[in-house]
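Student: So the chains spell out like this:
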Amino acid sequence: MSILVENVSKSFGSFVALDDVSLEVPDGSLTALLGPSGSGKSTLLRVIAGLEEPDHGAVLISGEDATRLPVRRRGVGFVFQHYAAFKHMTVRDNVAFGLKVRRRQRAEISARVDELLALVHLEGFADRYPSQLSGGQRQRMALARALAVEPRVLLLDEPFGALDANVRAELRAWLRRLHDDVHVTTIFVTHDQEEAMDVAEQVVVLNHARVEQIGSPREVYERPRSEFVMRFVGPVTEIADGLVRPHDIDVRLDPGDGGLEAMIERVVHLGFEVRVELTLASDRRLWAQLTRARATELELEPGQIVWVRPDRAAPVSADANGSAARPGVGVAGELGD
Amino acid sequence: MGSSGNAVRSRFALPKLTLRGLALGYLTVLLVFPLGMVGYRTFEHGLDAAWNAATTPDAVHAFWLTLLMVAVAVPLNTIFGVGAALLIARREFRGKALFNAAVDIPFAVSPVVVGLALILVYGQTGWFGNDLADAGIQVIFNPLGMIIASIFISLPFVVRETVPVLREIGTEQEQAADTLGARPWQIFWRITLPAIRWGVAYGVVLTTARVLGEFGAVSVVSGKLVGKTETLPLHVQAAFEDFNLAGAYSAAFVLALMALVAVVAMQRLRTREIA
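Protein sequence lines correspond, in order, to chains A and B.
Numbering-wise (our numbering), the first sequence opens with residue 1 and increments by one.
Numbering-wise (our numbering), the second sequence opens with residue 338 and increments by one.
Since the hints were derived computationally from the structure, they do not count as laboratory data.
Mixed in with the good hints there might be a few duds.
Restraint-style ranges between C-beta atoms, simulated for each label pair [stated by the list, open to error]:
(1) B:G432 <-> A:H121: 44 to 54 angstroms
(2) A:E115 <-> B:E429: 37 to 47 angstroms
(3) B:L368 <-> A:D55: 57 to 67 angstroms
Glycine included, each C-beta is placed from N, C-alpha and C at the ideal position.
Using the sequences and the hints given, assemble the complete structure.
Tutor: Laid out in C-alpha cells, this is it:
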C-alpha cells in the first residue's frame, strides 16, 4: 500500500524532531529513511506507525487518512531496533501473538506460524525463548512476528543496528530477497548510507528534522541536491570551489585542458582502490581515488607533480553556509504544494 | 597464579571468617534465639499441651480473623498497587508527584496514628461515624475498621515493588503488541502482567507478612474485644498480659509459622527471578 506523509511536524518539548516533512512511498516499494542521529528518521517512522502523534500534518495509508487511527488498526508491522521480543513467550508464541489476539482458529495459527518460521529460517527454534537466541535470530523472529498479521506496511527501525558486521550483511541481503518474495511496502530507518544504497529502491535523506532529498540510490549519490547529501551519502573532496567524489578526479601527467597543478603527498594502496593525497598550488589539499590499474599506469610517486581536474561538473558547489548549495527546493516542498 | 591465589586467599581468610561469624552471631542473638525460645516454650509441656493452648476458641477465632484480614486487604492492595504503579510509571498527569508521595504515607506514619485517624473519621464522634451508624454500619471496634486499618498500613508494598519493574521493562514490548493488533486489556494481561509478575508477587508477599503481623493500627481501632475483634498479634498480647503464657507462646508460634511461610515464598520468588 502506498504511504503519503503530508507536512508532518513533531516536537518533543523544545526539540524539533520533524519540521514540515512530506514524502511519498509507492506501493510495494522498499524505502530507506537515511540520516544522522537526531535527524528525525525514527520519529518519522513512529509517526507512520502511529506510535507518535504528529503535531501537524497527515499520514495517508493507501489513500485513507490514518493520522488519528489507533496503532492496532493501521495494519502496520513494526520491527523495533532492539527487537522488543516478548521475553516470557517462546519463539512460536511470539510469532503467533498477532493471530491469537485476533482470535484466529488454532489450526490456522499453527500452520501460519510454521510457514513464517520457515520463511525466516527458525524452524528448529520454535520452542526456545528469546533469551536463548542470537541477535540475528531475534531480529528474524521479530520480523516473522510482524509479518504474521499480514501488514499492509512493514516498518523497520534500524533493523540491523545492533548486529555485528557479518550478520548485518547477511540479513541485508536476506531482507532484500524477502521483499522480492513478500512484496509488502517496506520502510526502514538507517544511519548507514551503504546499507541504504544496498537495500533500498528509494532513499529519503533527512537532516535536522527536514527532508533533504528523495530519490533512487543512484540519483542521491550522483545528483545530490545539497552539500549535506553530497557529504552524507559518499566520500567527497574539494576542488576549485566544488565538491566532487574522489573517484571523479582525473589525475594526469600533462596539464591538458584546464588541469590544476598539484603535488602528490602520499599514495595509499587499498587493494583494488588507490588513494592519492595531493596539495594544490594554492596549498589546498584534496584526494583522488584511482583504480589500481590506472595508478600503476601513471607510476605515481610522492613528491611528483601532476595535473588534476574534475571528471564531470561538480554536482554541488562548496559553500560555507550551505544555503547556495541547494539547487531548487526539495521534493518535500514540491509534494506539499 | 597458584601462589598469588593462595596469598590472596590467606590474606582475606581471617576477615572473611570474622565477617561471617559476626553476621551469624548477630542473627542468632537477635532473631534465631528469641524465635527458638518461642518454639521451645510452646512445646515445653508436650505436643498435646501446645495443641490445646493453640486451639482455644478465642485463639481459633483470632486465627480466622487474621486470615480474613489477609484475604481482604491483600487482593485489594494488589489491584490498587498494580493500577497505581501503572499510573506512576506510564502516565503523566497533574499532581503525579503528590500522588507518588502520598502512596508512601503509610510507611512514614506511625501505625498508632493511623488507628487514631481512623477513629477520628469513622468513630462515634467522627466525621462519618453517625451517618454510618444510622445506616447500620459499625466501623470502629469492628472487624471492618480493622480491615481498613490493615489496608492502609500495607498499601505501599505492591506499588513500590512494581514501579521499578515497570520502568525496567520499558514500553517497547507493549508498543509491539499494539502494532500487532492487541487491545489495551489484551496488552495488559498478555504482555505487561507476565512481565511484572515477580515484582507483583514479591509485593504481595510483603503485604501479606505486614497484614499478618500488624499490631498498632489494628489494636487502636479494634477495641480488643476477645473473640470478636482480636487478631493473632492482639491475642498474643492479651494472653501474655493475662499471665496465660502457654496461650501467648502457642499463638506466637502459629503467627511465626504463618510469617515463615510468607518469607519462604518470598525467597523462592527471589531465586526464580534471578534464574
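Student: Find the hints from earlier in the document that the structure breaks and name them by number, from lowest to highest.
Tutor: none
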